[in-house]
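Visitor: Listed below, chain by chain, are the residues.
There are 4 protein chains.
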Amino acid sequence: MQVTLISYTNNPELVCIQAGKVCYSPHGIKQIQKQPDKEQSGIFLDKIIRMGHLSVIEHASFSFMIEGISRACSHQLVRHRIASYSQKSQRYVNEKQFEYITPPSIAAHSSVVKTYNHFMEQTMEFYSELVAQGIPKEDARFVLPNAAETKIFVSMNGRELLHFFEKRLCQRAQWEIRAAAEEMLDLVKKIAPYMFKTAGPGCVHGSCPEGKLSCGQSNEMRKKYKNSSYKESDL
Amino acid sequence: MQVTLISYTNNPELVCIQAGKVCYSPHGIKQIQKQPDKEQSGIFLDKIIRMGHLSVIEHASFSFMIEGISRACSHQLVRHRIASYSQKSQRYVNEKQFEYITPPSIAAHSSVVKTYNHFMEQTMEFYSELVAQGIPKEDARFVLPNAAETKIFVSMNGRELLHFFEKRLCQRAQWEIRAAAEEMLDLVKKIAPYMFKTAGPGCVHGSCPEGKLSCGQSNEMRKKYKNSSYKESDL
Amino acid sequence: MQVTLISYTNNPELVCIQAGKVCYSPHGIKQIQKQPDKEQSGIFLDKIIRMGHLSVIEHASFSFMIEGISRACSHQLVRHRIASYSQKSQRYVNEKQFEYITPPSIAAHSSVVKTYNHFMEQTMEFYSELVAQGIPKEDARFVLPNAAETKIFVSMNGRELLHFFEKRLCQRAQWEIRAAAEEMLDLVKKIAPYMFKTAGPGCVHGSCPEGKLSCGQSNEMRKKYKNSSYKESDL
Amino acid sequence: MQVTLISYTNNPELVCIQAGKVCYSPHGIKQIQKQPDKEQSGIFLDKIIRMGHLSVIEHASFSFMIEGISRACSHQLVRHRIASYSQKSQRYVNEKQFEYITPPSIAAHSSVVKTYNHFMEQTMEFYSELVAQGIPKEDARFVLPNAAETKIFVSMNGRELLHFFEKRLCQRAQWEIRAAAEEMLDLVKKIAPYMFKTAGPGCVHGSCPEGKLSCGQSNEMRKKYKNSSYKESDL
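Residue numbers (the numbering used here), protein chains in the order written: chain A, 165 to 399; chain B, 165 to 399; chain C, 165 to 399; chain D, 165 to 399.
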């Protein structure tokens with residue numbers, strides 16, 4: 165998997181801080197833009213996020229390229245609807261040499277992974293055969309597996325990213341989308357550290373939302389994402 | 165493929181007509197609900213739709229169950245973001261006897277379809293073997309093909325449905341999602357004939373939006389969806 | 165203020181329960197529809213809501229008419245974006261006899277309310293004068309106050325309603341939108357008691373999100389909305 | 165009115181072009197980023213927009229500060245739901261010296277404008293009196309007029325902007341929101357000329373959607389926005 169941060173709203177934190185100040189200030193943008201020092205502003209941003217005033221961080225948009233994930237993973241990803249996607253099309257792109265993803269649970273067993281690789285080669289052959297016989301690519305792809313590699317360009321705003329991280333950094337999320345979420349978080353934290361200070365799976369903001377299905381690692385998660393809690397006393 | 169209209173907003177057209185009247189009337193809902201005869205109201209609804217005042221038909225929601233479609237098709241379907249989905253999960257449901265969809269272009273050749281069926285049986289066997297060896301279902305599914313059958317529960321409002329029909333009734337849409345769109349349109353037209361009178365592919369509302377890639381059948385489409393055009397003279 | 169539940173998705177809870185079952189079941193809709201008894205299903209719905217699987221209750225849509233609220237209130241209401249609105253237009257409807265809302269804090273002082281009423285009458289006169297002098301209604305309305313009564317037709321799905329209640333039942337929400345939220349909750353609870361069992365302001369689901377600005381009544385709120393908490397032990 | 169483009173996605177056109185290429189290319193982002201010359205890319209972007217493949221331009225987000233508009237205007241603006249807003253709050257900001265907007269139809273008549281100004285001064289006085297008597301700002305604002313100036317921070321992506329321009333550049337849109345749309349278009353055209361080449365009111369893309377209520381100036385509009393038409397022959 166390779167995740168690249170392609171672009172984002174210029175000065176994402178500053179923009180959101182200014183937007184936040186518009187709500188409570190009688191002043192115009194010129195005066196609002198005469199900012200206090202950077203750290204103080206970051207503290208303001210962190211505070212309004214912890215109070216749940218999340219609309220403010222919608223003004224920053226982040227665009228990623230995600231490559232080397234399975235179509236199983238992308239099918240989950242695109243279910244996040246407050247986001248924009250451009251995905252490699254199996255209707256238009258010839259997949260006779262498709263790359264594929266091997267889950268760690270399969271990679272761990274050398275005998276299983278051998279059969280798995282063989283299966284993928286056979287599938288490529290069958291796909292190529294279908295295309296050679298005149299079956300349109302959009303129909304030949306019916307034999308392609310969930311494992312087939314896809315590339316997808318994704319844009320999300322700061323608020324949706326926080327929500328995405330809450331759901332997909334959970335230990336019960338599929339391993340692949342969790343790995344993507346971790347890489348995305350690493351990338352945006354470098355650009356907007358205050359905006360994503362509270363990012364983490366659901367359990368770090370309260371009790372585990374998974375109930376009986378809990379992974380039982382809430383404490384470890386709270387340590388790992390140690391700046392994420394919403395304590396009243398922090399405000 | 166089997167499409168079932170499971171439920172919808174009670175009195176969908178009447179509700180949208182009332183909503184439309186709220187915009188232009190000084191009266192309260194009690195007076196607005198003293199409606200003129202049904203046909204006259206339908207004409208009012210048709211008129212505001214042709215004028216593009218589509219927010220009014222957002223008040224009617226329609227819920228469908230779509231069964232017997234491929235995961236290739238559902239991956240396209242869920243890209244419509246102003247909608248709600250609940251889909252059979254390959255992470256939780258055992259797929260050792262998965263059903264699969266055979267594209268007409270493959271079904272048309274008896275020799276091809278035979279190899280296709282054989283490939284699907286082999287895939288089932290391999291999937292079962294992986295599960296038997298302790299690979300979690302969410303990883304074993306990496307070998308499942310796009311052809312694998314899925315079931316999906318979908319809700320869309322009237323406005324999104326019109327948009328969905330515009331895109332997916334187009335001859336260049338994938339055959340399977342186009343067939344789903346046709347069945348959905350048949351079902352909602354029985355319940356809300358005025359709301360969906362203008363439903364049709366993009367070309368029936370203007371020139372073909374596909375340019376050089378046009379199917380060349382715009383005239384046939386205009387005949388098929390003959391009530392759909394937005395002529396100024398109709399208003 | 166008058167809130168009317170105009171329409172909603174037929175059998176809202178049953179529909180959402182069926183949608184929820186589609187996710188985890190290998191069966192088709194026919195078998196899923198052979199439901200167990202109603203109460204057992206309600207418990208299933210309540211459980212998946214407490215686990216945060218809220219997409220399931222998006223399949224139920226509820227349409228309300230809200231009358232007798234101020235434009236100040238409606239300006240807040242329409243900020244909820246996952247919803248549909250049709251509002252009485254001040255561009256098209258003559259407002260020379262506009263109704264207006266009197267906040268309780270003003271109504272409490274007889275001398276203040278007298279001046280308030282007088283101000284409103286003067287405003288009506290000035291508005292009428294402007295219209296009489298040929299100023300278009302869309303410009304004459306510039307003198308109309310926030311207090312001016314509006315009527316608005318609103319549709320939201322179950323998930324957005326839960327979110328709306330969380331924000332707007334808070335004691336720090338404006339009194340008018342909070343009153344609207346309370347009436348809306350009363351109406352939908354009669355139709356879908358399990359779906360809205362957990363409805364309540366943010367503080368009933370965890371610690372107060374308002375921090376130092378807290379109303380200090382979280383305990384009272386937890387008593388009032390006593391079925392709303394998301395305790396792990398409940399799951 | 166003052167509209168400022170505060171920030172936007174870095175390299176907005178390049179980002180969208182790359183996203184567009186992901187859909188049709190077997191290549192990874194590294195190869196896609198080895199772009200042809202800028203003009204050729206712009207032509208590619210213009211072409212996919214005219215074909216209606218608008219999801220691609222969702223990857224570019226633009227953030228504006230709009231100052232000096234009325235609350236009447238902002239109430240219309242926030243009805244665009246695929247956007248983010250942060251608005252000066254009349255619940256928190258003291259409005260005893262509120263600025264106000266004077267419609268041109270009122271400004272044109274010196275006697276009317278005099279009465280209008282007088283009315284606004286009286287309103288300020290009454291508002292101040294209410295606040296002085298201990299009425300909370302959120303209730304005192306009930307006397308504030310639609311004319312009261314507001315400041316609002318707005319972010320929209322490229323696709324929503326095209327839609328916004330289509331609706332709000334129409335001669336039948338309220339004059340104030342039309343003026344805001346014109347300023348916004350001027351600002352983004354400098355940054356992303358190919359992305360907004362087709363921007364214009366509905367009538368420039370087909371027949372006037374307003375029917376009998378048409379302003380009758382479709383031809384003038386087509387001249388003014390002369391690059392906007394979607395002719396098949398252009399593709």
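Hints may contain errors.
[What the hints assert, rightly or not] If you only want the chain D side, here are some residues facing chain A, beta carbon under 7 Å, derived: (1) V220; (2) E222; (3) S253; (4) K315.
[Said to hold, decoys possible] Derived lysine-lysine pairs resembling DSSO-like cross-links, with alpha carbons at most 27 Å apart: (5) K354/D <-> K331/D; (6) K211/A <-> K388/A; (7) K331/A <-> K211/C; (8) K194/A <-> K388/D; (9) K211/B <-> K278/A; (10) K353/D <-> K388/D; (11) K376/D <-> K211/B; (12) K260/A <-> K198/D.
Calculated directly from the structure, the hints in this document are not laboratory data.
Here a beta-carbon is modelled for each residue, glycine too, at the ideal position from N, C-alpha and C.
Visitor: Are the Cα positions of K331/A and K211/C separated by 27 Å at most?
Guide: holds (18 Å)
Visitor: Quick one, are K260/A and K198/D close enough, alpha carbons at most 27 Å?
Guide: holds (24 Å)
Visitor: Does the structure keep K353/D and K388/D at a Cα separation of 27 Å or less?
Guide: Cα-Cα ~15 Å, so holds.
Visitor: Given the hint that K211/B pairs with K278/A, test it: the Cα-Cα distance must not exceed 27 Å.
Guide: violated (64 Å)
Visitor: Hint validation: S253/D versus chain A, beta carbon distance must be below 7 Å. Holds or violated?
Guide: holds (5 Å)
Visitor: Is the interface hint for V220/D satisfied, with its Cβ closer than 7 Å to some Cβ of chain A?
Guide: OK, holds: V220/D within 7 Å of chain A, min 6 Å.
Visitor: Does K376/D pair with K211/B here, judged by a C-alpha cut-off of 27 Å?
Guide: holds (11 Å)
Visitor: Does the structure keep K354/D and K331/D at a Cα separation of 27 Å or less?
Guide: With a Cα-Cα distance of about 21 Å, the restraint between K354/D and K331/D holds, given a limit of 27 Å.
Visitor: Can we keep the E222/D interface hint, with Cβ of chain A closer than 7 Å?
Guide: With a closest approach of 4 Å, the E222/D hint holds.
Visitor: Hey, K211/A versus K388/A, does the alpha-carbon distance stay inside 27 Å?
Guide: holds (21 Å)
Visitor: Classify the hint on K315/D as holds or violated, based on whether any CB of chain A lies nearer than 7 Å to its CB.
Guide: Status holds, d = 6 Å.
Visitor: Keeping to a limit of 27 Å between CA atoms, is the pair of K194/A and K388/D held or broken?
Guide: Answer violated: K194/A to K388/D is near 33 Å, above 27 Å.
Hints 8 and 9, counting from the list given before, are not met by this structure.
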